[in-house]
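**Q** One letter stands for each residue in the lines below.
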Amino acid sequence: MRNVGYATWGWETIVQLWDYIGNNARSLTFLTYQHASLSFQTVLVGTLAAIVIAALVYRLPLVSALTLTSSRVALTIPSLALLALLIVPFGLGVTPSFLMLAFFAMLPVIGNAVVGLRSVPPAVVESARGIGLPRWRILLTVELPIAWPVILTGIRVSTQMIVGVAAIVAYVLGPGLGSLIFNGLARLGGANALESALTGTILIVIIALVFDALLVLLGRLTISKGLS
Amino acid sequence: MTDSTTAPTSKTTTAQASSQRSDRVVTGESIRLDGVVKRYRGQPKPAVAKLDLEIEAGDIVAFVGPSGCGKTTTLKMINRLIEPTEGRIYIGGRDVTEENPDRLRQSIGYVIQSGGLFPHWSVRKNIGAVPRMLKWDKKRIDQRTEYLLDLVGLDPAVFADRLPKDMSGGQQQRVGVARALAADPPVLLMDEPFGAVDPITRARLQDKLIAIQQELGKTIVIVTHDFEEATKLGDKVLILSEGGHVEQYAPPEEILANPATPFVEEFVGSGATLAHLTLTRVRDVEIKPVVTARVGEASGSVIARTKAAGEDWLVVVDAHGRPRSWPTIDEVSTKPEVSDYLDPRLPVVAQSSTLNDALDSMLATSQGGVLVTDGHGAVVGALTIASVMEKIRGQLADVRDDDTVGYVEHTEGTAPVETPVVAADDEPADETGPR
Chain Y
1 MRNVGYATWG
11 WETIVQLWDY
21 IGNNARSLTF
31 LTYQHASLSF
41 QTVLVGTLAA
51 IVIAALVYRL
61 PLVSALTLTS
71 SRVALTIPSL
81 ALLALLIVPF
91 GLGVTPSFLM
101 LAFFAMLPVI
111 GNAVVGLRSV
121 PPAVVESARG
131 IGLPRWRILL
141 TVELPIAWPV
151 ILTGIRVSTQ
161 MIVGVAAIVA
171 YVLGPGLGSL
181 IFNGLARLGG
191 ANALESALTG
201 TILIVIIALV
211 FDALLVLLGR
221 LTISKGLS
Chain X
229 MTDSTTAPTS
239 KTTTAQASSQ
249 RSDRVVTGES
259 IRLDGVVKRY
269 RGQPKPAVAK
279 LDLEIEAGDI
289 VAFVGPSGCG
299 KTTTLKMINR
309 LIEPTEGRIY
319 IGGRDVTEEN
329 PDRLRQSIGY
339 VIQSGGLFPH
349 WSVRKNIGAV
359 PRMLKWDKKR
369 IDQRTEYLLD
379 LVGLDPAVFA
389 DRLPKDMSGG
399 QQQRVGVARA
409 LAADPPVLLM
419 DEPFGAVDPI
429 TRARLQDKLI
439 AIQQELGKTI
449 VIVTHDFEEA
459 TKLGDKVLIL
469 SEGGHVEQYA
479 PPEEILANPA
489 TPFVEEFVGS
499 GATLAHLTLT
509 RVRDVEIKPV
519 VTARVGEASG
529 SVIARTKAAG
539 EDWLVVVDAH
549 GRPRSWPTID
559 EVSTKPEVSD
569 YLDPRLPVVA
579 QSSTLNDALD
589 SMLATSQGGV
599 LVTDGHGAVV
609 GALTIASVME
619 KIRGQLADVR
629 DDDTVGYVEH
639 TEGTAPVETP
649 VVAADDEPAD
659 ETGPR
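Note that the protein sequences, when read in sequence, are chains Y and X.
Last residue of the first sequence: 228 (this note's numbering), numbering continuous.
Last residue of the second sequence: 663 (this note's numbering), numbering continuous.
Hints are not guaranteed to be accurate.
With the C-beta cut set under 7 Å, the calculated list includes, among others, these residues of chain X facing chain Y [what the hints assert, rightly or not]:
#, residue
1, H348
2, K393
3, G397
4, H473
25 Å max Cα-Cα, derived SDA-like pairs, lysine to any residue [what the hints assert, rightly or not]:
#, chain 1, residue 1, chain 2, residue 2
5, Y, K225, X, E374
6, X, K363, X, E374
7, X, K366, Y, S224
Computed beta-carbon distance windows for the label pairs [claimed, not checked]:
#, chain 1, residue 1, chain 2, residue 2, range
8, Y, L209, X, D389, 54 to 60 Å
9, X, R368, Y, T201, 38 to 44 Å
10, Y, T222, X, T562, 53 to 59 Å
It should be emphasised that the hints constitute simulated quantities derived from the structure, not laboratory data.
Note that the structure is a prediction, hence the values are computed from the model and not measured.
We put the beta carbon where it would ideally sit given N, CA and C, even for glycine.
Modelling step: build the complete structure from the supplied sequences, incorporating the hints.
**A** Put into structure tokens, the structure is as follows:
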């Protein structure tokens, strides 16, 4: 019966999984919270950085195009490679994890923010200027709200990606559900190994779904009816 | 209000010497362009070369010209959306070329084609944009919003909380005007404001603008490519040719009578005779009084009243005197009370409308007459096609030169002239006929 852990898929597995979850409820709750919190914070920071960058470049067509391209190219950097690079100055733990995730969280949002800000109708911006709204006020009260639906789509893409990628930070002893998956995989065949990896994966999927639902709700509450 | 009791308080300016409306209110300020030049980098010719222009307070001035003549550039230099390369611009005597551009623009109304409303804000929020920035309190902004919506002819209860996308182009344009007037600026700049609406709506919006101007006395500068619109709206018309060169700057009557240059003559075009229809206002023609009845009045007394006046039809009006329908006596007698039926094809023009608008309206609704309303939309009478034709006949008689020989005066054989051929190009022409 050595193989029970992973070879027999069936009712028994589900019962064992349930037992595992029941026995580890406290630590699972904590890890889930950690994972969600890490994802939330990094997406928030990444989004803010993306909006600032987009606001700096969107009025310059050439720089905008350059920013768009580089943000897409940067997405192809393997997350593990970036993590490894960040260990050099920051060591193991939360700091490199956070920086890597915030960086990747920023990338999809930059593209959408630039495109969103650039697609605000010129007539709207001209009339805003024409009635004397200062530049910063136009950005904050006219352009960003009109670009918001597009930016929010970017945030959703970013969130889905980050909740998944966040598992990797377990490699550098970062926080979150990744430790369950990596522990399980490392001890595959051992007691509770499969349960551990499986639980970690399922919880990550659940976090992603809940975040997406929350973002859809946020859209309902914050996108002006005038834009639909 | 322009009634005579308040008129003496209005500022007396030199402008009134040239204007027939000597009792008008003036709250606007004069605008003076002094040697204004706009040059764009990389272009050999300036977009606007050395333009001097004086616009009197309380006037509507229309800038017209072909595209590329610099009319929009000139307009946008007044509120410095485009910075002049050289020259000075004065509004009410103060040099605005040194002012903070945002602060300057807050004191100048600006309207663009199709309104340029903020799509994510309600009408109320759109109109309150500048007052909010000027930190007015909420109650004052609300009052101002309601006043302005009323002024532009939109019911505040219906429209204040609407979103721009739920309104027609004409309604959005009205909100655009209301927003521009929000902080009560002395000067209003309009960049082809009525370019994107259908002709009937355009005529209505033009009439509304004239009514607003008469009530408020702002200085209005309007850019248009439509000479007819310019003659209808403008106290003065500025005709520009390429490079912002002034071809003529004069009241529309004068431009039609004495075009200053061949360019003007060509621009005004063969429509000049018809353009007189644009110059003649509905108020210049005899308006027939009409019998009116309120919704809900007893039909019997209304019919008696109509017959007593010698008419066989009447106008049903609402509580504000605005017309809803114009039934015949027979139609009224089918119901015990006057109905609140709203006739969707009721032709209505304002007193400031041109005869051209009136004819347009009659043709569009296939009616032999139009109802005429005052500045608040209340009916004041009717204009029949017969009275319009009489006016046209009168004008044609004026236009006809004395040296044309009539049928009676013609002496046989003095001037043998061939019969001119008037035929469409696509009809097969007679082979012997001139080609």
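**Q** Would you mind marking each hint as holding or not holding in the structure?
**A** Taking the hints in turn, this is what the structure says about them:
Because the closest C-beta pair between H348(X) and chain Y is about 4 Å apart, less than 7 Å, the hint holds. The closest approach between the C-beta of K393(X) and any C-beta of chain Y is roughly 6 Å, which is under the 7 Å cut-off, so the hint is satisfied. For G397(X), the interface hint is violated, the least distance from its beta-carbon to any beta-carbon of chain Y being 13 Å, above 7 Å. Here the hint on H473(X) is broken, as its CB sits about 26 Å from the closest CB of chain Y, past 7 Å.
Pair hint K225(Y) plus E374(X) holds up; C-alpha atoms about 22 Å apart against a cutoff of 25 Å. Taking the CA atoms of K363(X) and E374(X), the gap is near 18 Å; set against the 25 Å cutoff, the hint holds. Restraint check for K366(X) and S224(Y): satisfied, since their Cα atoms lie roughly 21 Å apart, inside the 25 Å limit. Checked against the hint of 54 to 60 Å, the C-beta distance between L209(Y) and D389(X) comes to roughly 36 Å, which is inconsistent with it.
Between R368(X) and T201(Y) the beta carbons are some 59 Å apart, a value that contradicts the proposed interval 38 to 44 Å. As the Cβ distance of T222(Y) to T562(X) is approximately 55 Å, the hint placing it in 53 to 59 Å holds.
Hints 3, 4, 8, 9 from the earlier list are contradicted by this structure; the remaining hints agree with it.
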